[in-house]
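In order, the protein sequences belong to chains A, B and C.
All residue numbers for the first sequence refer to this note's numbering, where the first residue is 1 and numbers rise by one.
All residue numbers for the second sequence refer to this note's numbering, where the first residue is 318 and numbers rise by one.
All residue numbers for the third sequence refer to this note's numbering, where the first residue is 838 and numbers rise by one.
If you're looking for bench data, these hints aren't it; they were derived computationally from the structure.
Some hints here could point you the wrong way.
As the list claims (entries may be wrong) - Heads up, simulated DSBU-like pairs for lysine-lysine below, C-alpha to C-alpha not over 30 Å straight-line:
1. Lys595/B - Lys364/B
2. Lys815/B - Lys787/B
3. Lys812/B - Lys552/B
4. Lys595/B - Lys537/B
5. Lys619/B - Lys681/B
6. Lys124/A - Lys861/C
7. Lys677/B - Lys763/B
8. Lys54/A - Lys763/B
9. Lys771/B - Lys79/A
10. Lys54/A - Lys509/B
11. Lys861/C - Lys871/C
12. Lys871/C - Lys938/C
13. Lys595/B - Lys54/A
14. Lys364/B - Lys447/B
15. Lys619/B - Lys771/B
16. Lys619/B - Lys485/B
17. Lys763/B - Lys681/B
18. Lys124/A - Lys871/C
19. Lys587/B - Lys366/B
20. Lys366/B - Lys677/B
21. Lys677/B - Lys665/B
22. Lys485/B - Lys54/A
23. Lys619/B - Lys366/B
24. Lys509/B - Lys79/A
Given the structure is predicted, the values throughout are model-derived calculations rather than measurements.
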Amino acid sequence: MFYFLLRRFSLMVVVLLLVSIIIFSLLNILPGDPAMLILGQESSPEALEALREKMGLNDPLPVQYLHWLTDSLQGDFGKSLRDNNDVTAILLKKVPITIQLAFMSFAIAVLIAVPAAIISATRKGTSLDYLSTFFSLSGVSFPPFWLGILLILIFSVGLGWLPPSGFVSLAENPVRSVLLMLMPALALGIRLAAELTRMLRSSLLEVLQSDYIRTGYAKGLMERAVVFKHALRNSLIPVITISGLQFATLIGGVVIIETIFSIPGIGQLVYSAILARDFPVVQGAVMMMAFSVVIINFMVDITYSILDPRIKVGGER
Amino acid sequence: MKSFKGWSLVAFTLTILLIVSGCSDSASGDSTREMGDKSGRGSGNGKDKLVIGLDDDPPQLDPHLSSTAVDRQVLHSLFDKLVDIDEDMNIVPKLAKDWDISDDNQTYTFYLQEGVVFHDGTPFNAEAVKFNFDRMLDPAMGSPRYGEVEQVEQVNVIDELTVEVQLKTPFSPFLGDLTDRAGMMLSPTAVKESGEDFSRHPVGTGPYQFVERELQSHIKVSRFDEYWGEPAIIKDVLYKPYTDENIRLTNLISGDVDMITVVGFKDIKKIEGNSAVKLSAKEGRGFLGLHLNPAKAPFNNKDFREAINIAIDRQAITNVVYHGAALPAVSAFPPASWAHNPSLEVPKGDLTKAKSLLEKSGIKDPSFTIKVKPVETDKQMAEMVQSMLQEIGVTVNVEMQEIGSLLSSAIAGDYEALYLGWDGRTDPDGSVSRFFMSNGYNNYAKVNNPEIDKLLTDARVSLDQEERKKIYQRFSEVVFDEANYIFLVHIDENKAMKTNVNGFIHYPDGMIRPDRIYFD
Amino acid sequence: MMEQVQKGEITSVKTEYPRIRLMKEMLQRLLENKLAVVGGVFTILLIFLALFPGVVATHSHTEQDYSAVLVPPSAAHWFGTDELGRDLFSRVIYGATTSLKAGLISVGIALGIGLPIGMLSGYFRGVWDEFLIMRITDAMLSFPPLVLALTLVAVFGAGLENAMIAIGLVLTPSFMRLIRGEVLAHREKEYVEAARASGLPSWRILFIHILPNTIAPIIVQATLAIAAAIITEASLSYLGLGTQPPTPSWGSMLSTGQGYLEQAPWLGLFPGLFIFITVLSINLFGDGIRDMFDSKLK
Chain A
1 MFYFLLRRFS
11 LMVVVLLLVS
21 IIIFSLLNIL
31 PGDPAMLILG
41 QESSPEALEA
51 LREKMGLNDP
61 LPVQYLHWLT
71 DSLQGDFGKS
81 LRDNNDVTAI
91 LLKKVPITIQ
101 LAFMSFAIAV
111 LIAVPAAIIS
121 ATRKGTSLDY
131 LSTFFSLSGV
141 SFPPFWLGIL
151 LILIFSVGLG
161 WLPPSGFVSL
171 AENPVRSVLL
181 MLMPALALGI
191 RLAAELTRML
201 RSSLLEVLQS
211 DYIRTGYAKG
221 LMERAVVFKH
231 ALRNSLIPVI
241 TISGLQFATL
251 IGGVVIIETI
261 FSIPGIGQLV
271 YSAILARDFP
281 VVQGAVMMMA
291 FSVVIINFMV
301 DITYSILDPR
311 IKVGGER
Chain B
318 MKSFKGWSLV
328 AFTLTILLIV
338 SGCSDSASGD
348 STREMGDKSG
358 RGSGNGKDKL
368 VIGLDDDPPQ
378 LDPHLSSTAV
388 DRQVLHSLFD
398 KLVDIDEDMN
408 IVPKLAKDWD
418 ISDDNQTYTF
428 YLQEGVVFHD
438 GTPFNAEAVK
448 FNFDRMLDPA
458 MGSPRYGEVE
468 QVEQVNVIDE
478 LTVEVQLKTP
488 FSPFLGDLTD
498 RAGMMLSPTA
508 VKESGEDFSR
518 HPVGTGPYQF
528 VERELQSHIK
538 VSRFDEYWGE
548 PAIIKDVLYK
558 PYTDENIRLT
568 NLISGDVDMI
578 TVVGFKDIKK
588 IEGNSAVKLS
598 AKEGRGFLGL
608 HLNPAKAPFN
618 NKDFREAINI
628 AIDRQAITNV
638 VYHGAALPAV
648 SAFPPASWAH
658 NPSLEVPKGD
668 LTKAKSLLEK
678 SGIKDPSFTI
688 KVKPVETDKQ
698 MAEMVQSMLQ
708 EIGVTVNVEM
718 QEIGSLLSSA
728 IAGDYEALYL
738 GWDGRTDPDG
748 SVSRFFMSNG
758 YNNYAKVNNP
768 EIDKLLTDAR
778 VSLDQEERKK
788 IYQRFSEVVF
798 DEANYIFLVH
808 IDENKAMKTN
818 VNGFIHYPDG
828 MIRPDRIYFD
Chain C
838 MMEQVQKGEI
848 TSVKTEYPRI
858 RLMKEMLQRL
868 LENKLAVVGG
878 VFTILLIFLA
888 LFPGVVATHS
898 HTEQDYSAVL
908 VPPSAAHWFG
918 TDELGRDLFS
928 RVIYGATTSL
938 KAGLISVGIA
948 LGIGLPIGML
958 SGYFRGVWDE
968 FLIMRITDAM
978 LSFPPLVLAL
988 TLVAVFGAGL
998 ENAMIAIGLV
1008 LTPSFMRLIR
1018 GEVLAHREKE
1028 YVEAARASGL
1038 PSWRILFIHI
1048 LPNTIAPIIV
1058 QATLAIAAAI
1068 ITEASLSYLG
1078 LGTQPPTPSW
1088 GSMLSTGQGY
1098 LEQAPWLGLF
1108 PGLFIFITVL
1118 SINLFGDGIR
1128 DMFDSKLK
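Just chain A, same shape as in the assembly (with noise of 0.2 Å):
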């Protein structure tokens, strides 16, 4: 157990420099001076090699890779080529929004996929389990922007129920920012949803035909505490293993619908990094993205290994 754990942590490692390696490397051969976008039309020949040197840009690029490794590793992502602001304060700032927005996103989810799932799978072959798979294939199939605006079309511009977008903390005022998030969060939840129901169904389908479950109907127990006590809680493990994987997705659906309702998040931060050249600020930000989708996947692995004691050392298969 001690090897495999540490064999899945030093993978990890690996896999984590290589993704600064591609990110760098990425926005090294990025077109577009950052130099040149700050000082856009403004620029002078002088003005712009000044700036260039200030930046540390016209280090070899190794060099400039290996002082961002060390300075990060320290927990130092560098500071905003845009505005001179340190990058990690600037991350700490965004990602409880980006959190918010993914727990709700997340609560939606849950509360549609369960019982969702649980219908469908109970009443499996009826129309309505029929009803439950497809309307899960369409939130598969939804393209989140198109999501978003049909939301603010039917609730802002229609109903008038709902802020059309905009962005409160919690802190200023809970009741308003809690409302304002309900569109974007629903946007991203239904997706999600459509996966979770999907996943739960499957797990549900094959715990339920198992020997131990089929001993409850014989032991004659009721349906119902079946579903609940014995299926639910075992088809949790693939449930959590998709969440695991979902979570990249929704952090790249965040960037999306963050743009689309105006929430200053981490999407939003990245998306609007990548379009000034700001790399410190990508390179932090999407460091921070890959970091916490590997060590969400490195803990579903462990507890999956500690679950089910077949996979092992391998690994993989």
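Put chains B and C on the given structure of chain A with help from the hints.
This is chains B and C only, laid out in the frame that chain A set:
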């Protein structure tokens, strides 16, 4: 075994939830405290706070490092300039109450206001002026201001309140440049103290002083009580960034924003039809148009450039893309500018003439690519040009590049046509020489036209506006004739505000000076 | 955006029947799945639209009419007109070509790279497989897919071609992983052992013997990946970095439409509806194929 599985899963899920909620808890806890402080200080009786909705979060509050228009909106309340403009773009005194210009147009002597102090208590004097010029001229600063003040040979302190600026060559646009960031005076003490960090604690002599800033959230400035001039009426001004124009407008109409600095063209009618808000429109002093690259086919053919120039129907673009809030353009200078040339006629999309020019050019199946920013109005303009030129048999491709790549392509001369404009400057020179002089920074195609160079240099030497006017009129004719840049529109400068916002003076540079504004 | 893709891994097929009878059985199972049939029919319709948009479109998709800007849906313009007075219905129809092209080509790219590398990596294993291919795959999969696509498009430059390459590259690691896993599972099987014992060269074993047996999960994953790729292309175009004007793309139409939600809601409605229907049809169809191959879930 089975139940162990289940419970550890539950425990695992709970742990994650705890971590997540823990994070958001501690974060919100912090901001609660901040918010508590703020409301304690801020809201008193009635309205003593003006909320201005910006189109972006200003990257730089150091005037010597600033390079975006959105910075300037905030800078104009924190810093005074040596001289300012009035509503009709005349140059008027500010920190310099008077000035002399030597006959050779190379020595400018400024007589400074007395009793002026910076927000940090540092007295404003001739030394401070010299300090500011030296900072802009320091090559290590890499200041975007360098191009505006590079004519400065040296700055001499004559006495406490008199300062003399020596220019290398006669340069009549100099005063015009000083009405903006190049003329803003920073506290030398604060600059020395905070160095690179000045942008985070900007200190000037303006009617408002910097209070606090939260990135992507707000910048707060407050009335400066020792202001040398008339004190500001409204106590606090809060600048909030809204990058999305729909959201900006929504917050103006139904939120707590009192004014917005940039209004979407498609929204003008909506604002005019809403009694809660009002629009202030002013003819803009900038221009939008297409850089054609004469170093590349097909634009190395002058007839072809001319054909394109007259084939585009500016009025249609004005109506459809800019919803009428613009003027069709034929030169860099809008009709309101003294440098405008009324004898140049705006092309109306003369397809017959364009076709014959095209034939004369001898180019078969012409095609070219326009590079534009991925901005809705720019894209629409490009699609309209595409469709207009299709009618004379020219194929136009459109390629969207974000501003960073676009500027890089521009500087590298890697384009056929490029849609980029300029927001204009107080002196006509600031609007054109950077694009059309052979050594201009924004002369992307490196066009060298000796006649243009001579005209623009002459206009810099002369101090006589009538004489300069004639020069610029001739200049506009030459530029139109050469058609290396196709002027398309002068877009209006629009501001929108709540109906109860009064005292707003719409300056031609589009910058809000909030000190005269009051609520009604 | 692309998570369906990763799931292909879970599917695996145990086929040892005579082929013809099996195919007949599978087809029958597919036809019994009503949702899959509906999806299939719609997919075929959309492919027809994409191939022959001119047949269905009522107007030119590029012609601008400045006197009929933002006209609501009517008999003359079924979906109304856009901000430059173009017929929205015709633009939406032409948008099908862009979308399906983007879906097919980017998945083609992903397969073209992922298939050979995945097969070799899984069959020969060793240091390359363990320390390079798999770790790079892991690293790429830890990027949020849209962020990676966005960065790649920023590197290559905006445009449909570059967007397709970027999406293809983003999809590659999941194909690589799936195919590698399949090959890994098959290389220890008896029929492969037998082939190896009889001295067949490795490439023959790989491509003649193993490949046909792994084709089912690849088809399933490819179908779902097409759907994901279509959404990603639309997202990139929505952000202004995909398809360039005047080529109609559902994503960029939506991004324009968002600015006119109050004045002209139809601009934000119809293009999205078509993305939705397209992706849903392909997903339904793909789901049907999955069930067809995999009887376990039924």
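Here's how the hints hold up against the structure:
no.: 1; hint: Lys595/B - Lys364/B; result: holds, 19 Å
no.: 2; hint: Lys815/B - Lys787/B; result: violated, 42 Å
no.: 3; hint: Lys812/B - Lys552/B; result: holds, 21 Å
no.: 4; hint: Lys595/B - Lys537/B; result: holds, 24 Å
no.: 5; hint: Lys619/B - Lys681/B; result: holds, 15 Å
no.: 6; hint: Lys124/A - Lys861/C; result: holds, 25 Å
no.: 7; hint: Lys677/B - Lys763/B; result: holds, 26 Å
no.: 8; hint: Lys54/A - Lys763/B; result: holds, 28 Å
no.: 9; hint: Lys771/B - Lys79/A; result: violated, 45 Å
no.: 10; hint: Lys54/A - Lys509/B; result: holds, 18 Å
no.: 11; hint: Lys861/C - Lys871/C; result: holds, 17 Å
no.: 12; hint: Lys871/C - Lys938/C; result: holds, 27 Å
no.: 13; hint: Lys595/B - Lys54/A; result: violated, 45 Å
no.: 14; hint: Lys364/B - Lys447/B; result: violated, 40 Å
no.: 15; hint: Lys619/B - Lys771/B; result: holds, 21 Å
no.: 16; hint: Lys619/B - Lys485/B; result: violated, 36 Å
no.: 17; hint: Lys763/B - Lys681/B; result: holds, 27 Å
no.: 18; hint: Lys124/A - Lys871/C; result: holds, 15 Å
no.: 19; hint: Lys587/B - Lys366/B; result: holds, 26 Å
no.: 20; hint: Lys366/B - Lys677/B; result: violated, 63 Å
no.: 21; hint: Lys677/B - Lys665/B; result: holds, 20 Å
no.: 22; hint: Lys485/B - Lys54/A; result: holds, 28 Å
no.: 23; hint: Lys619/B - Lys366/B; result: violated, 56 Å
no.: 24; hint: Lys509/B - Lys79/A; result: holds, 21 Å
Hint violations for this structure: numbers 2, 9, 13, 14, 16, 20, 23, all remaining hints satisfied.
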